Amino acid sequence: MSASSNGSGTQSPTELSNPRTTDIDQLGTLELLHRLNAEDASVPTAVERALPEVARAVELAVHSLGSGGRVHYVGAGTSGRIAALDAAELPPTYNVPPEWFVVHLAGGQPAASGAVENAEDDDSAGAAAVREAAESTDLVLGLAASGRTPYVLGALRAARELGAGTVLVSANPYRAEGPPVDVEVVVETGPEPITGSTRMKAGTAQKLVLNSFSTAVMVRLGRTYSNLMVDMVATNTKLRERTVRILREATGASESECLAALRTTRGQLKTALVHLLGGVDAARAAEALARTHGHVRDALRVLES
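Residue numbering for the sequence shown is 1 to 305, as defined by the working numbering.
Derived from the structure by calculation, the hints contain no laboratory data.
Since the structure is predicted, the reported quantities are computational estimates derived from the model, not experimental observations.
Note that the Cβ used here is the ideal one computed from N, Cα and C, for glycine as well.
Warning: the hint list may mix true and false statements.
Derived DEER-like restraints, expressed as beta-carbon distance ranges [as the list claims (entries may be wrong)]:
| id | residue 1 | residue 2 | range |
| --- | --- | --- | --- |
| 1 | Arg-199 | Arg-263 | 28 to 36 Å |
| 2 | Arg-160 | Asn-236 | 55 to 63 Å |
| 3 | Glu-255 | Gly-28 | 48 to 56 Å |
| 4 | Arg-248 | Ser-197 | 40 to 48 Å |
| 5 | Glu-257 | Pro-92 | 25 to 33 Å |
| 6 | Glu-257 | Asp-121 | 28 to 36 Å |
| 7 | Arg-245 | Ser-197 | 39 to 47 Å |
| 8 | His-34 | Ala-283 | 24 to 32 Å |
| 9 | Val-219 | Pro-19 | 17 to 25 Å |
| 10 | Gly-28 | Arg-263 | 54 to 62 Å |
| 11 | Leu-51 | Glu-257 | 53 to 61 Å |
| 12 | Gly-28 | Asn-236 | 22 to 30 Å |
| 13 | Asn-211 | Arg-245 | 16 to 24 Å |
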């Protein structure tokens with residue numbers, strides 16, 4: 001079903017009435033939840049169809065970060081809050097510098113926990129945020145369910161003027177306004193269960209896209225070994241115990257050997273990993289990682305050559 005087929009011109013599909021939920025206010029609680037869950041179940045399939053474009057966005061981010069640039073997330077309301085959550089979780093999980101992922105939220109910090117009226121309509125504020133913080137080596141990724149939030153479009157327009165890479169993630173295949181972008185990720189989630197409530201399916205899609213995007217970027221940058229978080233920051237007892245488990249799983253070494261390796265490398269998990277797997281001292285392990293920009297498998301190949 002297209003937006004135009006409903007006589008709504010280029011209106012975003014997220015603003016249309018969902019024929020599967022028109023009786024939702026008459027349902028019992030369990031049936032209501034089943035109906036919502038059935039709508040949610042369609043989201044991963046919609047995300048899957050957009051993965052080729054997500055892959056292109058990942059490549060742009062890897063290039064930017066590898067060239068000394070940064071990734072900027074830009075959003076309003078739910079989109080901005082999802083972006084802020086994704087960016088906040090990357091430093092402790094992958095030990096990346098906090099400045100690698102920058103969030104520009106319409107309305108600023110107060111909008112992280114509540115609505116800031118009219119902030120999303122200020123395209124000049126979005127443009128100013130990017131002009132003040134971004135450079136040509138950066139990637140600016142905008143999130144807007146409708147694909148036409150002025151704050152986000154203003155930011156993307158400014159990013160293009162700077163020569164930065166641009167990505168737009170939306171749920172609207174009929175976007176007919178705003179600047180062109182390098183990659184447009186359209187996740188066609190369709191009408192929301194509650195008309196226009198894009199914190200629902202469109203928001204879930206954005207969360208899935210950003211989870212996959214940032215995780216893939218981290219993997220491509222060597223922040224994992226196999227599926228293990230070998231760059232994590234062990235800041236508490238739980239994480240220190242996880243560090244030992246990761247070393248044991250990756251190397252097959254005993255707990256005492258892993259603890260000794262961590263002491264030798266002053267708690268540097270990735271260096272301890274190369275130290276154990278490569279059979280070299282901590283200094284050579286650290287040197288091999290430095291030569292290969294932190295990629296464990298590449299460091300091990302260097303040590304074998």
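Hints, verified against the model:
1. A hinted range of 28 to 36 Å for the beta carbons of Arg-199 and Arg-263 is inconsistent with their spacing of about 47 Å.
2. Between Arg-160 and Asn-236 the CB atoms are about 42 Å apart, so this pair departs from the stated range of 55 to 63 Å.
3. The hint said 48 to 56 Å for the Cβ distance between Glu-255 and Gly-28, and at roughly 53 Å that hint holds.
4. Hint check: Arg-248 to Ser-197, Cβ distance near 46 Å, so the stated range 40 to 48 Å holds.
5. Taken as a hint, the range 25 to 33 Å holds for the pair Glu-257 and Pro-92, whose Cβ atoms sit roughly 26 Å apart.
6. Roughly 59 Å separates the CB atoms of Glu-257 and Asp-121, a value that falls outside the hinted 28 to 36 Å.
7. With their beta carbons about 41 Å apart, Arg-245 and Ser-197 fall inside the hinted range of 39 to 47 Å.
8. Between His-34 and Ala-283 the beta carbons are some 60 Å apart, a value that contradicts the proposed interval 24 to 32 Å.
9. Checking the proposed 17 to 25 Å range against Val-219 and Pro-19 shows it is violated: the Cβ atoms sit about 40 Å from each other.
10. About 60 Å separates the C-beta atoms of Gly-28 and Arg-263, a value consistent with the hinted range of 54 to 62 Å.
11. A beta carbon spacing of about 40 Å between Leu-51 and Glu-257 contradicts the range 53 to 61 Å that was offered as a hint.
12. For the hinted restraint 22 to 30 Å between Gly-28 and Asn-236, the CB-CB distance of approximately 44 Å leaves it violated.
13. For Asn-211 paired with Arg-245, a C-beta distance near 23 Å keeps the hint of 16 to 24 Å intact.
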